[in-house]
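S.K.: The task is simple: from the sequences and hints, build the whole structure.
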Amino acid sequence: MNMDFILQQILNGVSLGGVYALEAVGFGIIFNILKFSNFSHGAVLTICAYIGFFISTHIVSQMIPALVITAVLGGFIAVLLEKLVFRPIRIKKRPLTYFFVTSITVMMIVQKTFSALWGRYYFPYPEMMKSAVTSFGELVVSKIYLMMLAITAIVLLGLTIFLKKTKMGIAIRAASSDSWAPALMGVDTDFIISLTFFIAGILAGITGFFLGMTYTVTPFIGELMLKGIIAAIIGGMGSLGGGVIAGILLGITESIIVAKVGASVTPILIYLSIFVLLLVRPQGISGKLYAVKA
Amino acid sequence: MEVLKVDSISKNFGGVQAVKDYSMIQNDNIITGIIGPNGAGKTTIFNLISGVQQLSSGKVFFNGNNITKNSSFERTRMGISRTFQNIRLFNNLNVIDNLKVAYGFKTEYNFWQQMINSGKVRRVEKEVHEFAMSYLTDFGLEKYKNYKPDSLAYGLRRRLEFARALIVNPKLVLLDEPAAGLNPQEIHDLIDLISRIQEEQKLSIILVEHHMELVMKICTRIHVLDFGQKIAEGKPEEIRKNEKVLQAYLGDEV
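In order, the protein sequence lines correspond to chains H and A. Each residue of the first sequence is one higher than the one before, starting from 4 at the first, in our numbering. Each residue of the second sequence is one higher than the one before, starting from 1015 at the first, in our numbering.
By construction, these hints were calculated from the structure, which means they are not laboratory data. Check the hints yourself; a few may be wrong.
Stated by the list, open to error - Derived lysine-lysine pairs resembling DSSO-like cross-links, with alpha carbons at most 30 Å apart:
1. A:K1073 / A:K1249
2. H:K38 / A:K1120
3. A:K1140 / H:K168
4. H:K168 / A:K1159
5. H:K167 / A:K1159
6. H:K168 / A:K1120
7. A:K1231 / A:K1034
8. H:K86 / A:K1083
9. A:K1083 / H:K95
10. H:K96 / A:K1073
11. A:K1083 / A:K1120
12. A:K1019 / A:K1249
13. A:K1034 / H:K95
14. A:K1255 / A:K1231
15. H:K167 / A:K1157
16. A:K1034 / H:K96
17. A:K1244 / A:K1185
18. A:K1140 / H:K167
19. A:K1216 / A:K1073
20. A:K1159 / H:K38
21. A:K1083 / A:K1185
22. A:K1019 / A:K1258
23. A:K1216 / A:K1231
Unchecked claim - Reference listing, derived: stretches of chain H covered by chain A, where coverage requires no fewer than 3 residues with Cβ under 8 Å from a Cβ of chain A:
24. 168-182
25. 186-199
Stated by the list, open to error - Label pairs and their calculated CB-CB ranges:
26. A:K1157 / H:D193: 35 to 43 Å
27. A:F1027 / H:R97: 17 to 25 Å
28. H:K86 / A:D1152: 40 to 48 Å
29. A:F1027 / H:K115: 37 to 45 Å
30. A:K1083 / H:R97: 17 to 25 Å
Ideal Cβ placement from N, Cα and C applies to all residues, glycine included.
M.R.: See the structure below:
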């Protein structure tokens, strides 16, 4: 392996890993508050990949406005899901398994609906967003990857400031450590949970758009969120920062293995390594172990 | 002036009656103590007043308004704040953010202003930060502002929780065993602290406590509970001599 090869794969891997990081954070932020694995995140991601395609082909073809509209719509879709599906379970104080199973069901419904309606067609995003590369010496980078990387960095930075500095961000973090005490500090927990879903939905919207742009839009695009879940687990459930680091590491590892061994074997190796990781270090990068989860 | 009126409230858990026909009237600017053996229903009463649990029957009035149907966050915003028997600080937030959570509903900016991080949001957050710092200084916690609560000594955690309950300028404060787990010196300091704050802010305080010296020293009135029912009510010196109270605490042979 020469140096250029590794650098090239790291560059590719970082932008891919950034997308996994966004997924991991969107998944993790819900897990932190409600303590269940939210597979419906993949459903929002799928819907947004289609929305992003529709908007960028029919409404605005510039990347940034199309992305912003998709992301905001993703936020609202997630809030709608929360109010229609998850809130009733929460009000009835059902066990966590109910949330978990329901979220998988939502994912399946979306996947099957899109398969039935548009499963036969391909939806490539407008070409102008795809081509164009820049080179740094020997290294060749797709401009779109650089763009994705920059947007990912800005979004994650913005989210960090939001969670650290603002009252609603602080309330989200408080609700992540204690489910009912924040109400006794005057925090409207229902609102905070909706807000968390809104943020997760925005992240799902961005991820859906990016994945749709990188690959082709299919009903099964939501399955790519598995990488995000893996990143969240490697990062240590409950730690958003850990998820980001793990997401990027996963992206780099994947790029290197794909380039060395081939694309078909890579997922098998990645998934196998998860088994090993969970055996060796179940607490993930951040080192926190959660007792309750579904 | 009457702050809180609890009108014959009851709470059943399955077949167990945790609180039975309990009533109380709490005026402003006084401290009331609720005492009783373990399992007498003291914390349940706090949970019913603060809205953590729903009543089985009865009514709760705050400042003359019926708040029986209000959720706990609404009651807090009206001016009832509380602490917890086993401290419930947010251990993933640092000390100053624990205060900011409580102060959140007092700050006036909405969701959309926050999303665009408007100048107003930054200005308000700066004010909140300074206010929270002044509170920490007041409670002698300023040098721990960036610590996580679970790294503080137990007594400091209690003090932080007390500060968090007071920062919103409540009308009524419920203190659930404020002296639990403290050493004699810390209890002594706590007595001073509660008396000082109560006087300064003309607060109305209800506290549940096992530490008799503290209760007798700072409470104007005392309620005694046994098996979910009030068995006595009065001034500290009356309670000290009450037959029923002695029986509940010491058993039938007395």
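S.K.: It remains to establish, for every hint, whether it holds in the given structure.
M.R.: Tested hints:
1. Between K1073 of chain A and K1249 of chain A the CA atoms are separated by roughly 25 Å; this keeps the pair inside 30 Å, and the hint holds.
2. Between the alpha carbons of K38 of chain H and K1120 of chain A the distance comes to roughly 29 Å, so the proposed pair stays at or under 30 Å and holds.
3. Our distance criterion of 30 Å between C-alpha atoms is met by K1140 of chain A and K168 of chain H, whose separation comes to about 10 Å.
4. Between K168 of chain H and K1159 of chain A the alpha-carbon distance is near 14 Å, which keeps this suggested pair within the 30 Å criterion.
5. For the hint linking K167 of chain H to K1159 of chain A, the alpha-carbon distance of about 14 Å falls within 30 Å, and the restraint holds.
6. Of the supplied pair hints, the one linking K168 of chain H and K1120 of chain A holds, its CA atoms being roughly 16 Å apart against a limit of 30 Å.
7. About 28 Å separates the Cα atoms of K1231 of chain A and K1034 of chain A, which keeps this hinted pair within 30 Å; it holds.
8. For the hint linking K86 of chain H to K1083 of chain A, the alpha-carbon distance of about 22 Å falls within 30 Å, and the restraint holds.
9. Of the pairs offered as hints, the one joining K1083 of chain A and K95 of chain H holds, with about 17 Å between alpha carbons and a cut-off of 30 Å not exceeded.
10. A threshold of 30 Å between alpha carbons decides the hint, and for K96 of chain H with K1073 of chain A the separation of about 24 Å falls inside it, so the pair holds.
11. For a cut-off of 30 Å, the pair hint linking K1083 of chain A to K1120 of chain A stands: about 22 Å separates their Cα positions.
12. This hinted pair checks out: K1019 of chain A and K1249 of chain A have alpha carbons roughly 19 Å apart, not beyond 30 Å.
13. With a C-alpha separation of about 26 Å, the suggested pairing of K1034 of chain A with K95 of chain H holds against the 30 Å cut-off.
14. A hinted pair counts as satisfied when its Cα atoms are at most 30 Å apart, and K1255 of chain A with K1231 of chain A qualifies at roughly 16 Å.
15. In summary, the hint linking K167 of chain H to K1157 of chain A is supported, as the alpha carbons are separated by about 20 Å, within the 30 Å threshold.
16. This hinted pair checks out: K1034 of chain A and K96 of chain H have alpha carbons roughly 26 Å apart, not beyond 30 Å.
17. Note on K1244 of chain A and K1185 of chain A: the hinted pairing holds, with a Cα-Cα distance of about 24 Å set against a maximum of 30 Å.
18. For a cut-off of 30 Å, the pair hint linking K1140 of chain A to K167 of chain H stands: about 13 Å separates their Cα positions.
19. The straight-line distance between the Cα atoms of K1216 of chain A and K1073 of chain A is roughly 26 Å, inside the 30 Å bound, and the hint therefore holds.
20. A C-alpha spacing of about 28 Å is found between K1159 of chain A and K38 of chain H, which places the hinted pair at or below 30 Å, so the restraint holds.
21. For the proposed pair K1083 of chain A and K1185 of chain A, the alpha carbon gap of about 19 Å is at most 30 Å, so the pair holds.
22. In summary, the hint linking K1019 of chain A to K1258 of chain A is supported, as the alpha carbons are separated by about 25 Å, within the 30 Å threshold.
23. Pair hint K1216 of chain A plus K1231 of chain A holds up; C-alpha atoms about 18 Å apart against a cutoff of 30 Å.
24. Only residues whose beta carbon comes within less than 8 Å of a beta carbon in chain A count, and the region 168-182 of chain H has 11; three or more means the coverage holds.
25. Three residues within the 8 Å Cβ limit are the bar, and the region 186-199 of chain H against chain A gives 8, so the coverage statement holds.
26. Between K1157 of chain A and D193 of chain H the Cβ separation comes to about 37 Å, which falls inside the hinted range of 35 to 43 Å.
27. With their beta carbons about 19 Å apart, F1027 of chain A and R97 of chain H fall inside the hinted range of 17 to 25 Å.
28. At roughly 41 Å, the beta-carbon separation of K86 of chain H and D1152 of chain A lies within the given 40 to 48 Å, and the hint holds.
29. Roughly 44 Å separates the CB atoms of F1027 of chain A and K115 of chain H, a value that falls within the hinted 37 to 45 Å.
30. The hinted range of 17 to 25 Å is satisfied by K1083 of chain A and R97 of chain H, whose Cβ atoms lie roughly 23 Å apart.
Hint check: no violations occur; every hint is consistent with the structure.
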